[in-house]
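Starting from the structure of chain A, add chain B where the hints point.
Protein chains in written order, with the numbering used here: chain A, 1 to 441; chain B, 442 to 574.
The hints are simulated quantities; they were obtained by calculation from the structure and are not laboratory data.
It should be emphasised that the depicted structure is a prediction, and the values quoted were computed from it without experimental measurement.
Be careful, since some hints might not be right.
Here chain A is said to cover these stretches of chain B; the calculated rule only asks that three of the stretch's residues, wherever they fall, bring their Cβ under 8 angstroms from a Cβ of chain A [unchecked claim]: (1) 508 to 518; (2) 526 to 536; (3) 545 to 553; (4) 556 to 564.
Not everything, but these chain A residues come out facing chain B in the computed CB check (under 10 angstroms) [unchecked claim]: (5) Arg208; (6) Glu226; (7) Asn300.
Below are the SDA-like pairs computed for lysine to any residue, each with C-alpha atoms no more than 20 angstroms apart in a straight line [what the hints assert, rightly or not]: (8) A:Lys370 to A:Lys421; (9) A:Lys319 to B:Asn529; (10) A:Lys412 to A:Asn339; (11) B:Lys444 to B:Gly470; (12) A:Lys246 to B:Val457; (13) A:Lys246 to B:Asn529; (14) A:Lys333 to A:Thr290; (15) A:Lys333 to A:Gly363; (16) A:Lys297 to A:Glu358; (17) A:Lys246 to B:Leu485; (18) A:Lys319 to B:Pro530; (19) A:Lys333 to A:Gln369; (20) A:Lys246 to B:Asp526; (21) A:Lys246 to B:Glu549; (22) A:Lys246 to B:Met461; (23) B:Lys515 to B:Asn529.
Backbone N, C-alpha and C fix where the C-beta goes; we use that ideal spot for every residue, glycine too.
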Amino acid sequence: MGFSQYLLDSHEQYRQQVRLHNSWVIRLRWWYLLILGGIAIITSYTSPHETADYRTFVAALIGGGLGINFVLWLATKPKGLRVGAYHFAAIIMTLLDTALAASVVYFQGGIDSRATVLFAIPILLKGVLFTPIFAYLAAALSSVMYTGALVLYTQIKHPDYGLQDVILPAVFYSIVFFLLAMILSQYTARNSAKERENSYAELLSLLRHQLHHPSGVIAAIVEMLEHSEGYSKLSPKDREYIRQLKYENHRINSMISNVLQVAQIKGEEVKTSEKWTDVNLMVLISDCATSTATAYKRLNDLELNIPHDNAIVHGQHDKLQLAFENIIENAFKFSDAGNRVTVSMLAKKMPTIEIDIEDHGVGLSSKDQKKLFKAFTNIESANTGTPGSIKTYSMGLGLYISKIIIEQHGGKLELQSAEGKGTKVIVRLKRDMWRYYYGQK
Amino acid sequence: MDKSKARILYIEDYPVVQTMYVEALRSHGFTIDVASDGKAALELVAANSYDVILLDLLLPQVTGLEFLREFRAKDYPGEVVVLSDFDNPGTVKDVTDLGVTNYWIKVENTPHLLAERLDSLLKDIDETVAPKA
Chain A
1 MGFSQYLLDS
11 HEQYRQQVRL
21 HNSWVIRLRW
31 WYLLILGGIA
41 IITSYTSPHE
51 TADYRTFVAA
61 LIGGGLGINF
71 VLWLATKPKG
81 LRVGAYHFAA
91 IIMTLLDTAL
101 AASVVYFQGG
111 IDSRATVLFA
121 IPILLKGVLF
131 TPIFAYLAAA
141 LSSVMYTGAL
151 VLYTQIKHPD
161 YGLQDVILPA
171 VFYSIVFFLL
181 AMILSQYTAR
191 NSAKERENSY
201 AELLSLLRHQ
211 LHHPSGVIAA
221 IVEMLEHSEG
231 YSKLSPKDRE
241 YIRQLKYENH
251 RINSMISNVL
261 QVAQIKGEEV
271 KTSEKWTDVN
281 LMVLISDCAT
291 STATAYKRLN
301 DLELNIPHDN
311 AIVHGQHDKL
321 QLAFENIIEN
331 AFKFSDAGNR
341 VTVSMLAKKM
351 PTIEIDIEDH
361 GVGLSSKDQK
371 KLFKAFTNIE
381 SANTGTPGSI
391 KTYSMGLGLY
401 ISKIIIEQHG
411 GKLELQSAEG
421 KGTKVIVRLK
431 RDMWRYYYGQ
441 K
Chain B
442 MDKSKARILY
452 IEDYPVVQTM
462 YVEALRSHGF
472 TIDVASDGKA
482 ALELVAANSY
492 DVILLDLLLP
502 QVTGLEFLRE
512 FRAKDYPGEV
522 VVLSDFDNPG
532 TVKDVTDLGV
542 TNYWIKVENT
552 PHLLAERLDS
562 LLKDIDETVA
572 PKA
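One chain only, chain A, in its complex shape (with noise of 0.2 angstroms):
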């Protein structure tokens, strides 16, 4: 394993942590209160001035983060996702904060106005950007200014401290409880998401079974018919109707299918232990271009625009494999034979690779286009919502999963539609620079 291969997977963990941001920052905020209360402990024991007052402010700093971070670590129990208490630890939280501030500025009176800024703004900026993307940003900017604002005060407090009394032991307790808060929260994060992930998936494996077995009883009794001495004795029109219903029940079956494919990979996104490869665009896309194509029957109506390219982009094989399967899927499900589907590669400006697919079938309106994806969104939400017509449906779904796919890769899907013109499904992926820069391992 090379630096490249160091700076990739950095890279990644860093992706996966920003998904996991609820439990790895609160967890960081938890080591880092006990952080900065060991300090306060060691600074109030080797003052020789202390004060009734200033053992005051030790003791909420070192009760309130403890308080306060039970409360989120009841929240974050890897027993699910409990958002509510989450968001209601995040409130008290903030709550204390600025209580904490308070008894700071009540029982300090007139202390230097750079130490109460020093505490106020921190806890602004949590309030302000305790949001997923920017709750790195604020855990760090707190961290640091809360640890200034630690020093500047005992510096206020206690003049005639020099720096090798206060600043040098401060700067080296931040460091050493810093490392063994990221040792510590990292190894807690990552327990908890795997058990997270685990009764997830048993939930899935559960509803599977449940959706499942109604439409497997009905294929059974459908076959039993079929097998049955009354079944030649009956009109066509009635044997017709017997193979309608074999037909719809398939079509729920694999709509099930698809409906929980979606509900995993929005599960797997949780998911920490995942390998990520390098994967050859290249050879992936052809694959999946003609064995969807001869699935089909309709080889001849496959046309394959793509360059020897090492278009290696870093990723999920199998993941990747299904977002293209279903699109192409589409393209040949949705035209009829004998008109042509394109799927050609292009390479764009660096790093982006732009896949193309394109056929000339039935189409969607750019009203059924703007319904396609929202559908899904509702279906998630279990909002009942109604997911436009069947055609969107079926269509729609596979695009979805791919969507979904494609973004967690970094990636965008697009779509071009014009009803009874055909569809253009633009996927757009970044790849992998070391590689393309500096060949094959």
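Leaving out everything else, chain B in the frame of chain A:
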């Protein structure tokens, strides 16, 4: 193995499913015993020896997995085929750890398809047993 001579135990609790599969299997010439729960199945395997045991996992009283553990502990003879819609890796692993190589998904094995598959399984068993005999 002649399928009428092969002894088969079919364990399934859901009445509609049980009736259909039994009818289909018998129409294909199989001789089968039926149990509706794990407890009754354990009594049957204690009293008889079977060539193939078709086992559902979600069963009342004694579950399919519990049946399987007991079946292995007592070292009863017979090839076990698990017939279930559960396909989560955990369950599959539990079953395969108990030495079961045939994990058939129920929804993919409608009654007559199952009968055909069972027929070829019996032939496979013959081939693996014959050289030893």
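request  = Would you mind confirming whether the straight-line C-alpha gap from Lys333 of chain A to Gly363 of chain A stays at or under 20 angstroms?
outcome  = holds (11 angstroms)
ask   = Lys246 of chain A and Glu549 of chain B: Cα distance at most 20 angstroms?
value = holds (13 angstroms)
task = Would you check the hint for Lys515 of chain B and Asn529 of chain B, treating anything up to 20 angstroms between C-alpha atoms as holding?
result = Violated. Lys515 of chain B to Asn529 of chain B sits at ~27 angstroms, over the 20 angstroms cutoff.
query = Is Lys246 of chain A within 20 angstroms of Met461 of chain B, Cα to Cα?
reply = holds (16 angstroms)
Hinted pair Lys319 of chain A and Pro530 of chain B, Cα distance within 20 angstroms = The hint holds at about 18 angstroms.
ask   = If you take the shortest Cβ to Cβ gap from Arg208 of chain A to chain B, is it below 10 angstroms?
value = holds (7 angstroms)
inquiry  = For a C-alpha distance cap of 20 angstroms, please report whether Lys246 of chain A and Asp526 of chain B respect it.
reply    = holds (19 angstroms)
query = Taking 20 angstroms as the top limit, are the C-alpha atoms of Lys333 of chain A and Gln369 of chain A close enough?
reply = With Cα atoms ~17 angstroms apart, Lys333 of chain A and Gln369 of chain A stay inside 20 angstroms; holds.
inquiry  = Checking hints one by one. Is Asn300 of chain A an interface residue toward chain B, by the C-beta closer than 10 angstroms rule?
reply    = Asn300 of chain A check fails; min Cβ-Cβ to chain B is 32 angstroms, beyond 10 angstroms.
query = Holds or violated: are the alpha carbons of Lys297 of chain A and Glu358 of chain A at most 20 angstroms from each other?
reply = holds (18 angstroms)
query = Taking only the CA atoms, is the gap from Lys319 of chain A to Asn529 of chain B under or equal to 20 angstroms?
reply = holds (18 angstroms)
query = Taking 8 angstroms as the C-beta cutoff, is the stated coverage of the stretch 556 to 564 of chain B by chain A satisfied by three or more residues?
reply = Our answer is that it is violated, as 0 residues pass the Cβ test (under 8 angstroms) against chain A, missing three.
Figure legend: structure checked against the earlier numbered hints; hints not met, in rising order: 1, 4, 7, 10, 13, 17, 23.
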